[in-house]
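On the provided structure of chain A, position chains B, C, D, E and F as indicated by the hints.
Number of protein chains: 6
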Amino acid sequence: MKESFVTSLTPEEPVHTTFLIQSKERKIARNGNPYLDLELRDATGVIRAKLWDCDRHVQEFDVDDVVRVVGEVEDFQGTPQIRVRKISRCTPEEIDLGDYFPRSSRDPEEMYAALLGRVRELPPGPVGTLLLAVLEDPAIAERFKLAPAAMSYHHAYLGGLVEHVLSLVELADQVCGHYASLRNDLVVAGLVLHDLGKIEELSYTRGFRYTTRGKLVGHISIGLEIVRGKMRQIADFPADLGVQIEHIILSHHGQLEFGSPKEPMFPEALVVHYLDDLDSKLASMRAQYAADKDRPGEWTSRNPALKRELLKPPID
Amino acid sequence: MKESFVTSLTPEEPVHTTFLIQSKERKIARNGNPYLDLELRDATGVIRAKLWDCDRHVQEFDVDDVVRVVGEVEDFQGTPQIRVRKISRCTPEEIDLGDYFPRSSRDPEEMYAALLGRVRELPPGPVGTLLLAVLEDPAIAERFKLAPAAMSYHHAYLGGLVEHVLSLVELADQVCGHYASLRNDLVVAGLVLHDLGKIEELSYTRGFRYTTRGKLVGHISIGLEIVRGKMRQIADFPADLGVQIEHIILSHHGQLEFGSPKEPMFPEALVVHYLDDLDSKLASMRAQYAADKDRPGEWTSRNPALKRELLKPPID
Amino acid sequence: MKESFVTSLTPEEPVHTTFLIQSKERKIARNGNPYLDLELRDATGVIRAKLWDCDRHVQEFDVDDVVRVVGEVEDFQGTPQIRVRKISRCTPEEIDLGDYFPRSSRDPEEMYAALLGRVRELPPGPVGTLLLAVLEDPAIAERFKLAPAAMSYHHAYLGGLVEHVLSLVELADQVCGHYASLRNDLVVAGLVLHDLGKIEELSYTRGFRYTTRGKLVGHISIGLEIVRGKMRQIADFPADLGVQIEHIILSHHGQLEFGSPKEPMFPEALVVHYLDDLDSKLASMRAQYAADKDRPGEWTSRNPALKRELLKPPID
Amino acid sequence: MKESFVTSLTPEEPVHTTFLIQSKERKIARNGNPYLDLELRDATGVIRAKLWDCDRHVQEFDVDDVVRVVGEVEDFQGTPQIRVRKISRCTPEEIDLGDYFPRSSRDPEEMYAALLGRVRELPPGPVGTLLLAVLEDPAIAERFKLAPAAMSYHHAYLGGLVEHVLSLVELADQVCGHYASLRNDLVVAGLVLHDLGKIEELSYTRGFRYTTRGKLVGHISIGLEIVRGKMRQIADFPADLGVQIEHIILSHHGQLEFGSPKEPMFPEALVVHYLDDLDSKLASMRAQYAADKDRPGEWTSRNPALKRELLKPPID
Amino acid sequence: MKESFVTSLTPEEPVHTTFLIQSKERKIARNGNPYLDLELRDATGVIRAKLWDCDRHVQEFDVDDVVRVVGEVEDFQGTPQIRVRKISRCTPEEIDLGDYFPRSSRDPEEMYAALLGRVRELPPGPVGTLLLAVLEDPAIAERFKLAPAAMSYHHAYLGGLVEHVLSLVELADQVCGHYASLRNDLVVAGLVLHDLGKIEELSYTRGFRYTTRGKLVGHISIGLEIVRGKMRQIADFPADLGVQIEHIILSHHGQLEFGSPKEPMFPEALVVHYLDDLDSKLASMRAQYAADKDRPGEWTSRNPALKRELLKPPID
Amino acid sequence: MKESFVTSLTPEEPVHTTFLIQSKERKIARNGNPYLDLELRDATGVIRAKLWDCDRHVQEFDVDDVVRVVGEVEDFQGTPQIRVRKISRCTPEEIDLGDYFPRSSRDPEEMYAALLGRVRELPPGPVGTLLLAVLEDPAIAERFKLAPAAMSYHHAYLGGLVEHVLSLVELADQVCGHYASLRNDLVVAGLVLHDLGKIEELSYTRGFRYTTRGKLVGHISIGLEIVRGKMRQIADFPADLGVQIEHIILSHHGQLEFGSPKEPMFPEALVVHYLDDLDSKLASMRAQYAADKDRPGEWTSRNPALKRELLKPPID
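Protein chains in written order, with numbering that gives the first Met the number 0: chain A, 0 to 315; chain B, 0 to 315; chain C, 0 to 315; chain D, 0 to 315; chain E, 0 to 315; chain F, 0 to 315.
No lab work stands behind these hints: they were computed from the structure. Fair warning: this is a prediction, and the values are worked out from it, not measured in the lab. Do not take every clue at face value.
Treat identical chains as interchangeable: a pair holds within one or across any two.
[Said to hold, decoys possible] Cut-off 20 Å, straight-line C-alpha distance, at most; resulting in silico cross-link-like pairs (SDA-like, lysine to any residue): (1) K214 / N302; (2) K144 / A113; (3) K311 / A238; (4) K49 / F75; (5) K23 / G44; (6) K292 / R182; (7) K1 / Q21; (8) K214 / Q287.
The shape of chain A in the complex, shown without the other chains:
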């Protein structure tokens, strides 16, 4: 159990807890002495730290390692930072990743169970079989529960992917109720699978970043490959249905310039695109409101996803 968190540190107090190393750079001070300039993160934020007389320490830990730090908090030009006295790498058993990254406010296990529950209610048939083959694959499930939905734009926290998908599936059931001609199972399939490739596009076990394959291939093509693999293992998966699911995944960004090589060509693909886009933008707005909660005035700062400032909601 992590002893204390970045947001609770106060100047002139000793520190004795663990952090993830976000960045590490060796520098030379004006007096000619070398030091390590570190950024330490946990789920609540990032704090800068200095380790003097560093040359003994450099090799012992690296970026993305979790370390135990002993030192004290100082004020540096109005900003707190840590003067490190002792630092040592933690063992894997000591680490609970959720202590070092923001995470969904809801329990990923519960959300995943709810998603599975919804999928199991689908009428018997190839769509349900495919979705269960994906969601019950333990290697997929483990990553699906952990993954964020995006690097920074929306749901950018552990558990964000499953939170986003579950929200979408619940929303879709209502939208399909409203538009009776929509094939509900196809919409659900599209939503469950549309961002599946994110589990490999992003690296989120030690710092959020794109994997090399993620940058070169992208989550749309990665997800498509996983889904096709599952389809091949299902006897007599209908070819037409398979192509339609492929199309929904490929077209879910809606336009070529947003990275979809195809644009939605039937109603279910269109609905998946719109709901995904709406849910992502609303989540981005919510995150902006939370971040600018204490900012004075009626407006947030500029939301980078929407490229505009937002009018704050009225205070109740």
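Using the frame of chain A, we list chains B, C, D, E and F on its own:
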């Protein structure tokens, strides 16, 4: 009661029914005789007609008039057309506009009543007061029930506007149930009012076309003026709320290049834009499927709104 | 009368004058003491200031207040700043807004009188009646004389709006003389009214910023509402003319992507757009030349409105 | 003197006059006989013509030749066309080009004289010397007076270039009077020279079309070369001034995507671009109004340059 | 062996040969009799045909069938067409597809052999193994030799794909010789595989058209799937190399708006994109020159791929 | 011979060598003393320097001068800078420009000789005559060997232009071998001349920057003028050929929005554009890899020309 319709006319048969004059042009035949080249429309389609020895008739009717026609159907290069023998303008009492234009498959009165019913369920307060001031204004109500939602893109038939708005309001209730922080009444207000200006932007009592003010000013600015007028008549209408409703109307096209002078800056405005866009595009797809019902193959022709061909739904 | 101005302050000298509070933030120094970090502005520029032992003072003034400051100028890392010893809010009577904001080099009253003079020379008729109803409205007149024409792009100073409009009207008379078929009164009306909404879009009585309504609705729609209000009060204002004036206001940015929901559809609207654009860009160039007067070399820095560097004019 | 014109021909009447051959194609009729299908033009319009038993005639005239035609007018499916009986090529002395192309309503010689007069009033110096070197060059003068200002967009008739330039120079004098800091002579130079390359970009002595060099190099680069040649012949032409004139020519389309390799970087270049664009678009509107004079309703057809329909001016 | 071809048919002659049915429509003539309006194609072009008294024939053949036709050529309004007397479907054994479609001027078998030869010269290793696994797969080889490289833009004929790829591989060897740091085998792999999906995106055994999967998924994603399948079957195919090959295929259109979901991120991917684009555009120019060989003048008609007219090469 | 270079300076060591003054600014320190804040550059990099008690020195040297510096290296907040003790301007004879700017790793004289050699192998005729007239012009040759190919995007070092052009000509010979219909001499001419204007667009004898004419006119139009001048001096230079060479120069950026006023309209112009673009982008990638050689990880930083990060090549 109109005796027969364009789609039921057959060559070599006499015609005795009414049509709306869609176009009228005086031409000279090869033999030097003048004739009138007409397009006659009713709710089921358009048919070409020729009136020989026309110079007696020219002044008696004009484009957008409803006329009674006596003649017979001929085949002209594989296409049927009418040889007109007698033609005379109908009196207003004889005319049921729905005979000459496509109309919603649902009864506009019922849809309008449903919309009013929903608005009356809003919690007491300025939003409900404003919406009722608009919807219960008899001059607005009459036009709102008649207006199409667009010239050709979607819901392009009499009653299309109220059908579109009612669909949106019902959908919005579900979406607002899903995203608890949305202000339901503000979303409903935005949806009821977003296209209000269409009642003056379009002319639909005698042919679908843009009015001159519609082309010069546009439905967004026209609608805004109507809504502001109603707000002024409500004592103490809250200024903040008024501005937010103005913004939703102004921003509902989502982007500057689609004619919105502002982009959505808070969640309710974003939701109005997305739902409007989704409902319009799904309606456009439905209309395309209906139009291409008998076209062979798996694909529709190119949908002009989406600028792509559509994959047809599977045949049950 | 303000005693001294930002550009005349010199290090190591005492300060005893008034400023407008542009920003105010409470910070903690390295020694643990709190201080206020201030930006103080007047018509000649902005200077940073520090107020130590601040916790007595925080509540007594706020951003956009005018305050009397006693202290001295210090050099901080090559930049002068004020160490504040005493600070107190001025009473409204003490304040001449022109001391705190850049202002037109011409007298707004004179310019407004010239504009009114020109409008009174219009031939009798609804255009002149409308323009006088607007310009002689005392609440409008007061703001019209004060308002800048833009936040930063051009004429971004008190009196900028009337200076811009007067320049346009004088220019238009010559252009209309050249193109005889242009309706001069309609062009004059378009130019007088095109930016009228700026009087409410911008806040300029205490710091230049957008109002909340300005950001959500924009000066085009705000101006349109004011103008329609005046039209309604004129008996028998011709409907056609009214729609054309509405169109000129709506289309004066020339293109959808610049925030005009309509593009100019007749010559007078086109002329208003071109003259407005030309006058604005020339003013932006003049301001750039003034700002870079002492910059060495043949080129200015990058002009943000034109997104390019400008060749300086030859030195006489 | 041409005997009669296209717009005055009436069916069942003999024809005996001259035309320019706009197109010529040999075809085979259903009865197996060959015929020539011709388009004949003069300044008032184009008429189709048929020449039977054509194989004797094919070699005797070609596209862009002026021919004398004897025949009669027939009605072909409601459109008049000429049945040719005799056809023979005219000699150059017989031809007045103005009979075959639309031409300015003003006399090119007078307009050119007015332009020269204005240039001669420039203060003595290199700008005036350069402009006279260009305008008094007989080879340039002859073509400048004849050339249209554009293929179809605006001033698309003989004498259109000098009409456009003269209008601009007169307008510029007023604009430079309004903005005192503008260098009037530089603006005049830019306007006189900006489209100079059109005299070689377009072919207009026998049909309006682009020359091959016009398509490959364009009027901007062609004009630049002519102007540089004249500058080289003037002793001590100031280098700075020369570069600025080059820049005005290069940048007069205002944006890269309109074919200007540079965007205006000083006020005189900006003014040349704006006035050129405004004068062109107003001329395009005037031409549209003239073309749609008899079209019923308040709107013109779509103006191809502005890509929109235009509201017609009120009828006096 | 097909007896005669479209381009050699002459009016008033009997016809006795085979064609592919490109379109078929039942129409009613003015006299009330039904007829079939047909388009018949072979490798040299398309000719219209009419079959009277058609109701016996309608069911016996369909679009994309090859039929034997007996009739004669007539002239219809200057264009030849066939009056069909007898028509019957050919058996598969009678059909040589190359008779009905344009085909490469080079022998696909030879080109494929040359391509295989080049691949076999690659140094031993996973790249060569992968390429041979693809090219020696009989199902792939058969289609690869037949497929066009595009629907209409370039190499739009049978054998076009292998012609395009072979040209690229030969060109790439020279380019890689010039830029020594390029990994030649990776460039060759990218070029051989970049358009592999075209073998399923296009249907070319009976008329050129997109397959439904081709429209919904696209050749990039289809090709990627085939390549991944082959990689999975190669023991220890290096993961890094696999991802790089995936990236080259995904990015070969160069930009998102051209349908590549990723842009080239290393030199070999960039080279594949540039060479593919250059070879395609040069082929499109060559085809344009061939098509406009007999068109008079220095210019071709507008090339649809380049969206411009082309200057013809000088005549030797 | 320069004694030492920026990259070899170490803190606490004396400095005694020459630098080029990249920037110079007089500032006031906190203690009220003035000092000069300098940036000093040589071929290996840039170092900051301070000169105290500066008011004696200010007038003696200026930006772009080469100066001899005596002082010592200090560490300032982790970055080395020079405390200047003595500084004096060098005489022109002392200066070898190559000591102060990055330069090609190949000898410009050798590269220019190779280029000349290739041109001399062209078949006798006007193309060879023109190219030799250009390349053997001593004033051109001197600048061509020195010029960089671009300010920063690619080959941004002394000798970069000739390196780029030589690479292109060698590559073109291979490409023309592959596409037999290309006119090799025209491609070579286009490549040799396409960037000729860079010798005047850029200033590179004292700091890399654009000349005023370079910014106002651009290298395309400057180069065109030089080439036309040479053509005029060649008796009977074929007009068609001249226009084609002009077109290749004008169109070599490929698209209007990249500053080409014409787009390539025949194959040789297309090839020049593609090869130029490819060689430039590959050179930009190589420079990025060199700059990020020591950066950890698989990815470079963002390449500004390609606007993306690059995957590093595998380490051998």
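- Item | Homo-oligomer pair classification [R182, K292; C-alpha up to 20 Å] | The answer is between: 19 Å across copies meets 20 Å, while 41 Å in one copy does not.
- Within a copy, between copies, both or neither: where do K214 and N302 come within 20 Å Cα-Cα? Classified as between; 15 Å across copies, 24 Å inside a copy.
- Within, between, both or neither, where K23 and G44 count as close if Cα-Cα is 20 Å or less: within (16 Å within a copy, 25 Å between copies)
- Query: With identical chains treated as interchangeable, where does the CA-CA distance between K144 and A113 reach 20 Å or less: within a copy, between copies, both, or neither?
  - Reply: So K144 and A113 pass the 20 Å test inside one copy only (12 Å; across, 43 Å).
- Task: Tell me, please, which holds for K311 and A238 at an alpha-carbon limit of 20 Å: within, between, both or neither?
- Result: Result: close only across copies, 16 Å inter versus 48 Å intra.
- Message: At most 20 Å between alpha carbons: which applies to K1 and Q21, within, between, both or neither?
- Response: within (17 Å within a copy, 42 Å between copies)
- Between the shortest in-copy and the shortest cross-copy C-alpha distance, which are at most 20 Å for K49 and F75: within, between, both, or neither? both (11 Å within a copy, 18 Å between copies)
- Check K214 against Q287 for me: Cα-Cα at most 20 Å, and say if that holds within a copy, between copies, both or neither. between (26 Å within a copy, 18 Å between copies)
Hint compliance for this structure: every hint is met.
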